[in-house]
Each structure stands twice: as structure tokens, then as C-alpha cells.
Amino acid sequence: MKETEKGASHLTFDHAELFARVDNDRELLHDLLTIFKQEFPRHLKALREAVESRDGKLVAVAAHTLKGMLLNLAASQAAAAVGRLEELGRTGETSWFQDALAAFERDATSLLPQLDACMAEVH
Amino acid sequence: MRILIADDEIMSRRLLQKTLERAGYEVTAVENGRLAADQLCPADGPRLALLDWVMPELDGPGVCREVRKRTEQPYVYMVLLTSKESKQDVVAGLESGADDYLTKPFDPEELKARLRTGLRILDLEDRLVEAREKMRFQATHDGLTTLWNSGVIVDLLGRELARSWREHVSTSILMCDLDHFKSVNDTYGHLAGDEVLKETAKRLLASVRSYDFVGRYGGEEFLVVLNNCNPAYAVARAEEIRKAIAQKPMPSSSGPVPITMSLGLLMSQEWGYRPVQELLQAADAALYAAKAAGRNCVRVARPKVSSADSDPQAHEPIRLRR
Numbered sequence: 001m002k003e004t005e006k007g008a009s010h011l012t013f014d015h016a017e018l019f020a021r022v023d024n025d026r027e028l029l030h031d032l033l034t035i036f037k038q039e040f041p042r043h044l045k046a047l048r049e050a051v052e053s054r055d056g057k058l059v060a061v062a063a064h065t066l067k068g069m070l071l072n073l074a075a076s077q078a079a080a081a082v083g084r085l086e087e088l089g090r091t092g093e094t095s096w097f098q099d100a101l102a103a104f105e106r107d108a109t110s111l112l113p114q115l116d117a118c119m120a121e122v123h
Numbered sequence: 001m002r003i004l005i006a007d008d009e010i011m012s013r014r015l016l017q018k019t020l021e022r023a024g025y026e027v028t029a030v031e032n033g034r035l036a037a038d039q040l041c042p043a044d045g046p047r048l049a050l051l052d053w054v055m056p057e058l059d060g061p062g063v064c065r066e067v068r069k070r071t072e073q074p075y076v077y078m079v080l081l082t083s084k085e086s087k088q089d090v091v092a093g094l095e096s097g098a099d100d101y102l103t104k105p106f107d108p109e110e111l112k113a114r115l116r117t118g119l120r121i122l123d124l125e126d127r128l129v130e131a132r133e134k135m136r137f138q139a140t141h142d143g144l145t146t147l148w149n150s151g152v153i154v155d156l157l158g159r160e161l162a163r164s165w166r167e168h169v170s171t172s173i174l175m176c177d178l179d180h181f182k183s184v185n186d187t188y189g190h191l192a193g194d195e196v197l198k199e200t201a202k203r204l205l206a207s208v209r210s211y212d213f214v215g216r217y218g219g220e221e222f223l224v225v226l227n228n229c230n231p232a233y234a235v236a237r238a239e240e241i242r243k244a245i246a247q248k249p250m251p252s253s254s255g256p257v258p259i260t261m262s263l264g265l266l267m268s269q270e271w272g273y274r275p276v277q278e279l280l281q282a283a284d285a286a287l288y289a290a291k292a293a294g295r296n297c298v299r300v301a302r303p304k305v306s307s308a309d310s311d312p313q314a315h316e317p318i319r320l321r322r
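One line per chain: the protein sequences are H and D, in this order. If you count the first sequence from 1, position 43 lands on 43 in the working numbering, and the numbers rise without skipping. If you count the second sequence from 1, position 123 lands on 123 in the working numbering, and the numbers rise without skipping.
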């Protein structure tokens with residue numbers, strides 16, 4: 001299933017790539033998704049606060065962490081969106097922070113239920 | 001093979017750990033660069049490492065730089081694994097001392113293949129080190145007896161004499177020669193002669209302390225350096241060595257070979273600071289005095305007391321207190 005998921009309205013993560021990445025180890029995938037569910041809200045909160053404070057360095061660090069997590073789940077679209085924030089943070093282009101954050105949050109909103117569905121599938 | 005994973009992001013650590021354990025690696029995972037450097041820098045640390053670039057405390061390139069500062073320790077093969085992928089990043093990562101560079105998200109098969117490359121490099125390094133150590137051993141040891149060779153034992157003696165002079169202690173020199181060794185070769189054959197030399201080396205080593213030095217000085221001649229020992233100990237040790245050789249025939253493929261040893265003993269504190277070669281000549285003269293006295297005995301080299309002495313070097317028989 002390439003960049004689609006049953007019931008999803010648009011592209012979020014690459015199901016086949018994700019399974020290949022864990023070598024079809026469903027237990028490992030379940031572990032990764034559990035960790036993601038636990039860790040994601042904390043890192044998103046840190047990113048929002050960094051954007052709010054317009055601190056480019058903090059934005060880059062928080063965005064970098066989220067990007068790594070999302071790439072591990074083959075969620076390339078959300079990873080690219082947060083990667084944009086990382087880049088803006090590095091270059092200090094604070095005026096684009098809010099727009100980039102909003103774009104990322106839209107992708108994340110689509111992604112999370114699909115990851116929940118995937119988690120139920122591998123449980 | 002042990003491998004270290006350093007990544008501050010828990011999902012990456014878990015994914016890497018499981019992937020590598022499945023591939024047969026023994027994995028240690030840490031969450032920052034400081035812990036990674038602490039694990040990798042000791043000589044017995046893991047020799048393969050996968051390092052994230054961005055980490056708290058110390059970043060991946062920082063870990064590489066710390067590890068590369070070490071010298072004379074086993075090589076560590078380090079792969080930087082990160083989502084940074086610009087050319088400048090690749091160059092900076094490799095310049096820091098990394099051996100390879102992989103971008104996230106990693107492909108498991110590519111990762112394993114790259115680590116196999118690392119294993120080949122480490123195997124090559126191990127073989128080079130082994131060859132170097134073998135050559136170093138061959139350059140410093142006698143091929144037959146594996147004792148220190150002549151050049152090294154004289155160097156060691158020189159160092160010990162200098163140290164004993166500085167520290168006001170005594171170093172003793174024992175010049176030892178197997179008696180009538182030529183007749184061993186003539187009677188029992190050269191193979192048996194070699195076996196006698198090897199057995200002599202064993203008995204000499206068994207007769208001295210672990211921090212004394214024993215070397216093969218010439219054909220059937222051996223040099224023993226007794227560090228930091230008082231004269232009474234040196235005299236007793238010389239007599240113990242003589243007995244260790246004489247009391248039991250040497251086993252050989254041609255049967256037991258009875259043999260004795262003559263020894264010349266010199267105690268440095270009686271001689272003051274003299275060149276090594278002069279002391280060796282004096283010990284050698286004492287050895288020849290032992291030969292002249294009928295062999296299978298020890299003679300002590302004494303410095304001349306004054307220029308008026310008719311006998312410049314007396315070679316006293318040893319007297320053991322019982």
C-alpha cells in the first residue's frame with residue numbers, strides 16, 4: 001500500500017516501507033508505535049513552545065528530533081514538513097515559523113489516526 | 001562482535017538495536033555522545049560504532065574526534081548515521097574521523113553491508129597488528145629459547161644499571177655458560193643440543209623473579225639481570241641457578257643429558273657507575289675464572305681496590321651462609 005491507508009483521505013506514511021524497515025517484525029513495529037505515541041506529544045509541545053519563543057536553535061533541535069522519529073515510521077510527508085521547520089530554525093527565519101508549524105500540524109493530524117490503525121493491525 | 005549505538009532518539013535506538021541484534025551483533029546502546037566516547041575510548045571498548053550526529057553532551061563528530069585522539073589502541077570503526085545529508089555535512093563528518101556515513105532513515109540491508117565493510121577493515125587491522133607484534137617479538141627474542149636476545153638483554157641491563165645508580169640500589173649480572181656444551185652436540189646430536197638450550201632457558205626463568213631479565217647472550221651463554229637485589233640474595237640466586245641446571249639431567253629426544261653451568265656474578269654496587277660493556281667484561285672474566293676453577297661453580301667479580309694490587313680483579317669463590 002504505497003503512501004495510502006484504508007480510510008485515509010490523503011498520503012501519510014509508506015506502509016510497505018515501514019514493514020520492510022522492521023524486517024516484518026510486528027512486535028518491533030508495535031514497540032516503535034507505542035514509543036511514538038508516548039514521545040510525540042512531548043516533542044510537539046517542545047516544538048510549539050520553541051516556535052512561540054521564536055528561538056531558532058530550539059526550533060531546529062525539536063524539529064530535528066521529530067523528523068528522525070517520523071522518518072523511522074516512513075512518514076515522509078510529515079517528516080518533510082517538520083524538516084522545513086528545522087531548516088527555518090537553522091537559518092533563523094522566524095517569520096515563517098508559524099506557517100510551517102501549521103503545515104506540519106495538519107500532516108500530523110492526518111498521520112496519527114493512521115498510525116493508531118497500524119498499531120491495532122500489528123497488535 | 002560488539003557494537004555501540006549512540007542516538008538520543010529512543011525510536012532510532014530501539015530500531016537499530018533490534019536490527020543489529022537480529023544480524024548477530026552484541027549491542028550496547030547509549031543516549032548521548034559523552035557516554036559513547038566513554039564506552040569507545042578504553043582499549044577493551046566496542047570496535048564498531050553507529051553514531052547519530054545531533055546528540056546532547058557531545059555530538060557524533062565530537063565523539064569521532066575524541067576516539068581518534070587515542071593512540072596505540074585498537075582501531076574503532078565509526079559510522080555516522082544522521083538525517084543531515086548535505087555535501088558539507090558528509091565532508092565534515094568524515095573529516096572528524098568517521099569511517100563511513102549513512103543517512104536516516106537507514107535501509108537495513110545497506111546498514112548491514114556497510115558494517116560488514118567495517119568488520120573487514122577491523123579484521124585487516126587485527127592481522128596487521130598481529131604481524132607487527134610477531135615481527136617485534138622476533139626482533140627482540142631469541143628464536144630457539146624465546147628468551148630476550150643479546151641486543152635487548154644488554155639494553156635492559158643498561159637501563160637497570162642506570163636506574164640502580166639513581167636509586168642507590170644494586171643490580172646483579174650473572175654471566176652463565178653451559179659446561180662442555182660442544183660435547184653435548186657431538187654426543188647426542190644438534191637436536192638434543194637445542195633441546196638442552198630450551199630446557200636451560202626454562203630452568204633459568206623458573207629460578208628468578210618475574211621482574212628479573214633473562215637473555216641468551218651467545219651460543220650456550222646466558223645473561224641474567226637481577227634487579228634491585230642485595231648481595232646476599234644475588235649470591236644465593238646464582239647458587240640456586242647452578243643447582244637447578246646440575247641437579248637433574250636435561251630431557252632430550254636422545255635421552256637424558258647431564259650438564260652443568262659455570263657462572264660469573266657481578267654486583268653493581270661494588271663497582272660504582274661504570275659503562276655496561278666494562279661490567280660485562282668483568283662478569284665474563286669471573287665466568288672464565290669459574291671455568292678455570294673446575295666448572296659447575298660461581299665466581300664473583302670484584303673491582304680492583306688500588307693500583308698497587310698485583311691482581312687487578314679478584315674472582316672470589318662464593319661462600320654461602322648456612
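Certain hints may be false.
Derived DSS-like pairs: lysine-lysine, alpha-carbon spacing no greater than 30 Å straight-line [to be verified]: (1) H:K45 x D:K104; (2) D:K69 x D:K202; (3) D:K18 x H:K37; (4) D:K87 x H:K57; (5) D:K87 x D:K104; (6) D:K182 x D:K112; (7) H:K57 x H:K37; (8) D:K248 x D:K198; (9) D:K104 x D:K134; (10) D:K291 x H:K37; (11) H:K45 x H:K57; (12) D:K182 x D:K198; (13) D:K202 x D:K248; (14) D:K182 x D:K87; (15) D:K291 x H:K45; (16) D:K291 x D:K198; (17) D:K104 x H:K57; (18) D:K104 x D:K182; (19) D:K243 x D:K134; (20) D:K134 x D:K18; (21) H:K37 x D:K69.
These aren't lab readings, by the way, just hints derived from the structure by calculation.
Do the hints match the structure? See the list:
This hinted pair checks out: K45 of chain H and K104 of chain D have alpha carbons roughly 24 Å apart, not beyond 30 Å. A hinted pair counts as satisfied when its Cα atoms are at most 30 Å apart, and K69 of chain D with K202 of chain D does not qualify at roughly 41 Å. Between the alpha carbons of K18 of chain D and K37 of chain H the distance comes to roughly 19 Å, so the proposed pair stays at or under 30 Å and holds. With a CA separation close to 22 Å, the supplied pair K87 of chain D and K57 of chain H stays within the 30 Å bound.
Distance check on the hinted pair: K87 of chain D and K104 of chain D sit about 15 Å apart at the alpha-carbon level, within 30 Å; holds. Between K182 of chain D and K112 of chain D, the direct Cα distance comes to roughly 63 Å. Violation of the 30 Å bound is thereby established for this hinted pair. A C-alpha spacing of about 25 Å is found between K57 of chain H and K37 of chain H, which places the hinted pair at or below 30 Å, so the restraint holds. Of the pairs offered as hints, the one joining K248 of chain D and K198 of chain D holds, with about 15 Å between alpha carbons and a cut-off of 30 Å not exceeded.
Distance restraint check for K104 of chain D and K134 of chain D: the Cα-Cα separation of roughly 42 Å exceeds the 30 Å cut-off, and the hinted pair is therefore not satisfied. Of the pairs offered as hints, the one joining K291 of chain D and K37 of chain H is violated, with about 89 Å between alpha carbons and a cut-off of 30 Å exceeded. As the CA atoms of K45 of chain H and K57 of chain H are separated by approximately 16 Å, the hinted pair is consistent with the 30 Å bound. As the CA atoms of K182 of chain D and K198 of chain D are separated by approximately 16 Å, the hinted pair is consistent with the 30 Å bound.
For the proposed pair K202 of chain D and K248 of chain D, the alpha carbon gap of about 13 Å is at most 30 Å, so the pair holds. For the proposed pair K182 of chain D and K87 of chain D, the alpha carbon gap of about 73 Å is over 30 Å, so the pair is violated. In summary, the hint linking K291 of chain D to K45 of chain H is not supported, as the alpha carbons are separated by about 92 Å, beyond the 30 Å threshold. The straight-line distance between the Cα atoms of K291 of chain D and K198 of chain D is roughly 22 Å, inside the 30 Å bound, and the hint therefore holds.
Restraint check: the Cα-Cα separation between K104 of chain D and K57 of chain H comes to about 21 Å, which is no more than 30 Å; the hinted pair holds. Our distance criterion of 30 Å between C-alpha atoms is broken by K104 of chain D and K182 of chain D, whose separation comes to about 73 Å. Of the supplied pair hints, the one linking K243 of chain D and K134 of chain D is violated, its CA atoms being roughly 34 Å apart against a limit of 30 Å. Under the criterion of a C-alpha separation no larger than 30 Å, the hint pairing K134 of chain D with K18 of chain D is inconsistent with the structure, at around 39 Å.
For the suggested pair K37 of chain H and K69 of chain D, the alpha carbons sit about 40 Å apart, so the restraint of at most 30 Å is broken.
Hint compliance for this structure: hints 2, 6, 9, 10, 14, 15, 18, 19, 20, 21 are not met, and every other hint is.
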